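Enquirer: Model the full assembly from the supplied sequences, consistent with the hints where possible.
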Amino acid sequence: MKYFYLFIMIALLLGLPACKKGREKVDDTAANVIVRTENRALMLKLKSELQTINRAIEHFHAMHGRYPSSLKELTEKGIMTRIPNEPFGGEWNYNPVTGEVNSGSHPEFGDMSGWDGGL
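Numbering of the sequence shown is given in my numbering, commencing with residue 3 and proceeding in unit increments.
Some hints here could point you the wrong way.
[Said to hold, decoys possible] Label-pair restraints from in silico Cβ distances: (1) P98 with E40: 29 to 37 Å; (2) A43 with T77: 19 to 27 Å; (3) P109 with R57: 16 to 24 Å; (4) S50 with K79: 18 to 26 Å; (5) A43 with G67: 36 to 44 Å; (6) E60 with N87: 19 to 27 Å; (7) R68 with R38: 36 to 44 Å; (8) T39 with S72: 33 to 41 Å; (9) R38 with P98: 19 to 27 Å; (10) E110 with N87: 17 to 25 Å.
It is worth saying that the hints were derived from the structure and are not from the lab. Just so we're clear, the structure is a prediction, and the values are computed from it rather than from any experiment. Idealized CB from N, CA, C, for every residue including glycine.
Expert: Here is the structure:
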């Protein structure tokens, strides 16, 4: 019987490193899922904020026959109460000649209409 307990102790000691590696792999996978989920949420917020700003720019254009000279003019004219923060912490890039706006941190997503939600 004492050999049985000794065998169990040895098996447990030998199995601990494998359990630790398995736990680390699960932790890494969970961390990757969390990061991807957070990035997806920020991209959805970016899409929403860009749509809001674009609608405000088009509204301004319809009212004044020109694009605003800056995004700040949207708040000065009462079209928006505030310019939303860029979700990734960057700045908005705005072209007053064309009325186009995009994210400074993700300029490749200037036109989010074709974005399917994938990262």
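Enquirer: Decide, hint by hint, whether the structure agrees.
Expert: We went through each hint and held it up to the structure:
1. P98 with E40: 29 to 37 Å: 33 Å Cβ-Cβ, so the 29 to 37 Å window holds.
2. A43 with T77: 19 to 27 Å: holds, 26 Å
3. P109 with R57: 16 to 24 Å: Holds, at about 20 Å.
4. S50 with K79: 18 to 26 Å: holds, 22 Å
5. A43 with G67: 36 to 44 Å: holds, 38 Å
6. E60 with N87: 19 to 27 Å: Distance hint for E60, N87 holds at roughly 21 Å.
7. R68 with R38: 36 to 44 Å: Given about 41 Å between the Cβ atoms, the range holds.
8. T39 with S72: 33 to 41 Å: holds, 34 Å
9. R38 with P98: 19 to 27 Å: violated, 36 Å
10. E110 with N87: 17 to 25 Å: holds, 19 Å
Comparing the model with each numbered hint stated earlier shows that hint 9 is the single one that does not hold.
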